[in-house]
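Engineer: Take a look at the letters that make up each chain.
Protein chains: 2
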Amino acid sequence: MPPDLDFLFYPQSIAIAGVSGDKAKFNGGLLYLQSLIRFGYKGKLYPLHPKGGEAEGLTIYPSLKDIPGPVDFVISAVPARYTPQLVKDAVNKGVKAIHFFTSGYSEIEDVAGKALQEQILGIAQRGNMRIIGPNCLGLYCPSGGLTYNSDFSAESGTVGMFSQSGGISAYTIQKGNARGLRFSKVISMGNGADLNESDYLEYLTRDPETKVILCYVEGAREGTRFLEALKTATQKKPVLVLKVGASESGASAAVSHTAALTGLTATWEGLLRQAGAIQVNGVEEMVDVAHALLYLPMPRGRNTVILGIGGGSSILAADLFAEAGIPLPQLPADTKKRLMDIYGSEAGRILKNPVDINSFDGTEVLVRMTKAVESCDNIDLLVLQLGYDHYGLIAGPYKELMTGMFLDSVIALKKAVEKPLAVILHSYGSAWTTELAMKMQDKLIQEGFPVFMSIQSAARALGKYYYYMERHK
Amino acid sequence: MPPDLDFLFYPQSIAIAGVSGDKAKFNGGLLYLQSLIRFGYKGKLYPLHPKGGEAEGLTIYPSLKDIPGPVDFVISAVPARYTPQLVKDAVNKGVKAIHFFTSGYSEIEDVAGKALQEQILGIAQRGNMRIIGPNCLGLYCPSGGLTYNSDFSAESGTVGMFSQSGGISAYTIQKGNARGLRFSKVISMGNGADLNESDYLEYLTRDPETKVILCYVEGAREGTRFLEALKTATQKKPVLVLKVGASESGASAAVSHTAALTGLTATWEGLLRQAGAIQVNGVEEMVDVAHALLYLPMPRGRNTVILGIGGGSSILAADLFAEAGIPLPQLPADTKKRLMDIYGSEAGRILKNPVDINSFDGTEVLVRMTKAVESCDNIDLLVLQLGYDHYGLIAGPYKELMTGMFLDSVIALKKAVEKPLAVILHSYGSAWTTELAMKMQDKLIQEGFPVFMSIQSAARALGKYYYYMERHK
Numbered sequence: 001m002p003p004d005l006d007f008l009f010y011p012q013s014i015a016i017a018g019v020s021g022d023k024a025k026f027n028g029g030l031l032y033l034q035s036l037i038r039f040g041y042k043g044k045l046y047p048l049h050p051k052g053g054e055a056e057g058l059t060i061y062p063s064l065k066d067i068p069g070p071v072d073f074v075i076s077a078v079p080a081r082y083t084p085q086l087v088k089d090a091v092n093k094g095v096k097a098i099h100f101f102t103s104g105y106s107e108i109e110d111v112a113g114k115a116l117q118e119q120i121l122g123i124a125q126r127g128n129m130r131i132i133g134p135n136c137l138g139l140y141c142p143s144g145g146l147t148y149n150s151d152f153s154a155e156s157g158t159v160g161m162f163s164q165s166g167g168i169s170a171y172t173i174q175k176g177n178a179r180g181l182r183f184s185k186v187i188s189m190g191n192g193a194d195l196n197e198s199d200y201l202e203y204l205t206r207d208p209e210t211k212v213i214l215c216y217v218e219g220a221r222e223g224t225r226f227l228e229a230l231k232t233a234t235q236k237k238p239v240l241v242l243k244v245g246a247s248e249s250g251a252s253a254a255v256s257h258t259a260a261l262t263g264l265t266a267t268w269e270g271l272l273r274q275a276g277a278i279q280v281n282g283v284e285e286m287v288d289v290a291h292a293l294l295y296l297p298m299p300r301g302r303n304t305v306i307l308g309i310g311g312g313s314s315i316l317a318a319d320l321f322a323e324a325g326i327p328l329p330q331l332p333a334d335t336k337k338r339l340m341d342i343y344g345s346e347a348g349r350i351l352k353n354p355v356d357i358n359s360f361d362g363t364e365v366l367v368r369m370t371k372a373v374e375s376c377d378n379i380d381l382l383v384l385q386l387g388y389d390h391y392g393l394i395a396g397p398y399k400e401l402m403t404g405m406f407l408d409s410v411i412a413l414k415k416a417v418e419k420p421l422a423v424i425l426h427s428y429g430s431a432w433t434t435e436l437a438m439k440m441q442d443k444l445i446q447e448g449f450p451v452f453m454s455i456q457s458a459a460r461a462l463g464k465y466y467y468y469m470e471r472h473k
Numbered sequence: 001m002p003p004d005l006d007f008l009f010y011p012q013s014i015a016i017a018g019v020s021g022d023k024a025k026f027n028g029g030l031l032y033l034q035s036l037i038r039f040g041y042k043g044k045l046y047p048l049h050p051k052g053g054e055a056e057g058l059t060i061y062p063s064l065k066d067i068p069g070p071v072d073f074v075i076s077a078v079p080a081r082y083t084p085q086l087v088k089d090a091v092n093k094g095v096k097a098i099h100f101f102t103s104g105y106s107e108i109e110d111v112a113g114k115a116l117q118e119q120i121l122g123i124a125q126r127g128n129m130r131i132i133g134p135n136c137l138g139l140y141c142p143s144g145g146l147t148y149n150s151d152f153s154a155e156s157g158t159v160g161m162f163s164q165s166g167g168i169s170a171y172t173i174q175k176g177n178a179r180g181l182r183f184s185k186v187i188s189m190g191n192g193a194d195l196n197e198s199d200y201l202e203y204l205t206r207d208p209e210t211k212v213i214l215c216y217v218e219g220a221r222e223g224t225r226f227l228e229a230l231k232t233a234t235q236k237k238p239v240l241v242l243k244v245g246a247s248e249s250g251a252s253a254a255v256s257h258t259a260a261l262t263g264l265t266a267t268w269e270g271l272l273r274q275a276g277a278i279q280v281n282g283v284e285e286m287v288d289v290a291h292a293l294l295y296l297p298m299p300r301g302r303n304t305v306i307l308g309i310g311g312g313s314s315i316l317a318a319d320l321f322a323e324a325g326i327p328l329p330q331l332p333a334d335t336k337k338r339l340m341d342i343y344g345s346e347a348g349r350i351l352k353n354p355v356d357i358n359s360f361d362g363t364e365v366l367v368r369m370t371k372a373v374e375s376c377d378n379i380d381l382l383v384l385q386l387g388y389d390h391y392g393l394i395a396g397p398y399k400e401l402m403t404g405m406f407l408d409s410v411i412a413l414k415k416a417v418e419k420p421l422a423v424i425l426h427s428y429g430s431a432w433t434t435e436l437a438m439k440m441q442d443k444l445i446q447e448g449f450p451v452f453m454s455i456q457s458a459a460r461a462l463g464k465y466y467y468y469m470e471r472h473k
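Just so you know, the sequences run in chain order C and B.
In this text, residue positions in the first sequence follow this note's numbering: the first is 1, and each later residue adds one.
In this text, residue positions in the second sequence follow this note's numbering: the first is 1, and each later residue adds one.
Worth flagging that the hints you see were computed from the coordinates, not collected in a lab.
Careful, some of the hints might be misleading.
Identical copies carry no separate label here, and so any pair may be met within one copy or between two of them.
[Unchecked claim] Calculated pairs, SDA-like style, for lysine to any residue (alpha carbon to alpha carbon, straight line, at most 20 Å): (1) 25 x 347; (2) 25 x 402; (3) 443 x 431; (4) 419 x 372; (5) 419 x 266; (6) 25 x 343; (7) 399 x 26; (8) 371 x 409; (9) 44 x 141; (10) 336 x 109; (11) 25 x 363; (12) 236 x 296; (13) 399 x 27; (14) 211 x 276; (15) 237 x 299; (16) 25 x 406; (17) 399 x 150; (18) 114 x 222; (19) 399 x 38; (20) 114 x 345; (21) 419 x 5; (22) 371 x 414; (23) 439 x 268.
Isolated chain C, as found in the complex:
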């Protein structure tokens, strides 16, 4: 079966309904137009508004029928009451799909909203046109030149996503971009009146560009079909699910948000596990697990050694890794002896697992120490941890120097070490140490390292990474 929704992501021409020349007011249509232009969309763009005029140097057409050429795709940013006419015009124009940024349909507690959604759906179905939304941000697909926000990376990648929240999709993309993720296709799907979560999941499963699937789900419109789609998907690629609406208030809010019925938490948890999906507890964790899947070569097993600077952070790390089900085996006696030989004394250090090297003694010492630990048969993964604000006596620019030297050495170390290696940058309180850590995150990701920004997030993401990997060897 071919990936039948490809046409959504590669339109040759897009009309945007509701592009007003009046820039003083919030103008969703104009924002879409500007984003697509800035993003470098290569096809034809047609702004629409009954009053005509000009926007971004383009003629604003009064309606779809006035556009000279064909139109593949329509973005609607007009008030809900005008949309039945727009849908009729689109069907007549031969439009293949229409995306409704517009809200005010089944998600409002108003019979009229539900009726309106039924009406536009009926017209579209009879005209063989697909609907994205309503009440959503639409499509992001770098390889097709599509976006709803010009802050998103224009580089194409392997992470696909569908989301019942536009805001969550926007945050996931930006957080993901900062964490080295690049996306294939992201669908902010809103109410899912026509195309729903099952359609998108089935599509992303078959899409060869997509290697990892992320989902933000409030509820499923076709429960049984979604579960089947999920089972099929997880056989082919990792599927990460952020399921929300567990609480009474959350469930009630979800109805107002996308008319989703959230169902019972316990039921969902069991079904997701059975289906082989990876359930995550927030956007950050979803991005972290995806990051691990893309950046960490599969270790032979779970046995991990943690090396780094700081006794307190070493013990915290030991607790958090244990909690996440990642074993930190004892180092053999001869390894401890080799470490003692390297350092001369145990004073101020912990030469167990975790290994607290206390302070940075230069690249050569770090390499010798790491190789001594790597050579243990019972170690599969090395984790290096560095806390920015843990350096006791080191203040100001010296802190930058010390952490910089340590991390440069870690980069050098990569060549000397064969076993998989992950880095944790943690504990930055002030604005400047945070900036430092984020810069170093970029650098390490560019070098191809898996990097985590707190000990806790590393432990939890690695725990879920192993959970998946061990079931799909």
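Start from chain C and add chain B according to the hints.
Structural biologist: Just chain B, lined up with the frame of chain C:
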């Protein structure tokens, strides 16, 4: 009973042993000297080193007995083997207390280390001199001009802390400073050979400068005394405990770190709860709960309403607040009607609890909306949430403008609203939105707002805040 350890924090003169003129090597003594000078310590400073010389424009004395005036306090940064002589000299000089940065005592798996600790302890006790450490960073007390790191705020405050990890204490201070905490006294206590966790807890309980006590604990040397001290302390002020070493690896590392015996997790949890302490799961949570205790006026009850921008983040917030035991009651029908009147339509919004206002419509609308919600009898606390990277269509500098306007309005709002109000700034992925959020954190804290940097951390901190407050009304 007077606070009998005051003399530790207000020495008139300090000698630092192990200040070498050789700047090329790591020189702990020199770093202490530099930190104290930069921090503005007002008393006399005497660097010590057998070779003499000069450091930071001060004469380096060969030994304590060569110093012309009296010495109240000694910081030792010399190797462990030289410390018995140093302790003898200090006793002869009439020194009141000595702090050992030096490690290599009972925390190493070496009989000699344990014997050495016993030896210096014996000399000090016979000479009526107290020991801080060994194997620790020592004292931070802005009102006494003491610090071990010149990055710490020189402003005095009400948060006291003792910590068995120097690195954790350093991070807590810096994270705390960034989150609006100012400290009275912080003790990095290391092995606690003489003064131990019970001594410091009893002191901080009686110290009038200290209003909140933070503890990082691996294990207690005098279990029963510590538990009694904790019970007394929690009657007078909130005590937040970060207990680590729960895992096998963590417990084993703790022995090498500070010779602490960590005990059973289940036992500790029960004892801490019985004693009325607030157990926290990391430095960040410890700082967040302290922040809530200092910045949030006690609401009448737990009933909370969450207002903000974004459907997805509203539902996530509802789930996380429910998980933390904070109820989000339904808004009365007439309140919902008032909100509908303010906004004209429900389209794209959630007018329940959480309230998703979807987009920012200016200060006046925000004030009217918030006052409408505040006036509900069943609401005790207002929480405003703003996610930086959730703004769907808003990109680049417009995002800064939008979030800025929203937050300026929140500041204006404070005058119009009487019920307690907290702010959550969340979801920043990129370096620039992170910077933006941290700037706004500073500004809001300066305005006296309780601010949290993620939805999850807000929910958990508020949950623990309520837990404490309801037991100590």
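Engineer: Take the hints in turn and mark each one as holding or not.
Structural biologist: Results of checking the hints against the structure:
In this homomeric assembly, residue 25 and residue 347 come within 20 Å of each other (Cα to Cα) only across copies, at 18 Å, whereas the closest approach inside a single copy is 66 Å. Taking identical chains as interchangeable, the C-alpha atoms of residue 25 and residue 402 lie at most 20 Å apart only when they sit on different chains, with a minimum of 13 Å there against 50 Å within one chain. Taking the shortest alpha-carbon separations for residue 443 and residue 431, both the intra-copy value of 19 Å and the inter-copy value of 13 Å come in at or below 20 Å. Proximity of residue 419 to residue 372 under the C-alpha cut-off of 20 Å is restricted to the intra-copy arrangement: shortest distance 12 Å within a copy versus 60 Å between copies.
In this homomeric assembly, residue 419 and residue 266 never come within 20 Å of each other (Cα to Cα): the closest approach is 38 Å inside a single copy and 36 Å across copies. For a Cα distance limit of 20 Å, the shortest separation of residue 25 from residue 343 across copies, 16 Å, qualifies, whereas the shortest one inside one copy, 66 Å, does not. Taking CA atoms no more than 20 Å apart as the test, residue 399 paired with residue 26 passes between copies only; the shortest distance there is 13 Å, against 45 Å inside one copy. Only within a single protomer do residue 371 and residue 409 lie at most 20 Å apart by alpha-carbon distance; the minimum there is 13 Å, versus 56 Å between protomers.
For the homomeric pair residue 44 and residue 141, the shortest alpha-carbon distance inside one copy (16 Å) is at most 20 Å, but the shortest distance between copies (66 Å) is not. For a Cα distance limit of 20 Å, the shortest separation of residue 336 from residue 109 across copies, 12 Å, qualifies, whereas the shortest one inside one copy, 67 Å, does not. Proximity of residue 25 and residue 363 under a CA criterion of 20 Å is satisfied inter-copy only: 16 Å between copies versus 58 Å inside one chain copy. Taking the shortest Cα distances, residue 236 and residue 296 sit within 20 Å of each other inside one copy (19 Å), while across copies they are farther apart (50 Å).
Taking identical chains as interchangeable, the C-alpha atoms of residue 399 and residue 27 lie at most 20 Å apart only when they sit on different chains, with a minimum of 15 Å there against 47 Å within one chain. When the C-alpha separation of residue 211 and residue 276 is checked against a cutoff of 20 Å, the pair qualifies only within one copy, where the shortest distance is 16 Å, while the shortest distance between copies is 50 Å. Only within a single protomer do residue 237 and residue 299 lie at most 20 Å apart by alpha-carbon distance; the minimum there is 18 Å, versus 48 Å between protomers. For a Cα distance limit of 20 Å, the shortest separation of residue 25 from residue 406 across copies, 17 Å, qualifies, whereas the shortest one inside one copy, 51 Å, does not.
In this assembly of identical chains, the alpha carbons of residue 399 and residue 150 lie at most 20 Å apart only when taken from different copies (11 Å versus 35 Å within one copy). In this assembly of identical chains, residue 114 and residue 222 lie within 20 Å of each other by CA distance solely inside one copy; the values are 18 Å within and 68 Å between copies. In this assembly of identical chains, the alpha carbons of residue 399 and residue 38 lie at most 20 Å apart only when taken from different copies (16 Å versus 39 Å within one copy). Taking CA atoms no more than 20 Å apart as the test, residue 114 paired with residue 345 passes between copies only; the shortest distance there is 15 Å, against 74 Å inside one copy.
Taking the closest pair of Cα atoms, residue 419 and residue 5 never come within 20 Å of each other, the shortest separation being 41 Å inside a single copy and 51 Å across copies. In this assembly of identical chains, the alpha carbons of residue 371 and residue 414 lie at most 20 Å apart only when taken from the same copy (11 Å versus 57 Å across copies). Neither within a single protomer nor between protomers do residue 439 and residue 268 lie at most 20 Å apart by alpha-carbon distance, with minima of 38 Å and 39 Å respectively.
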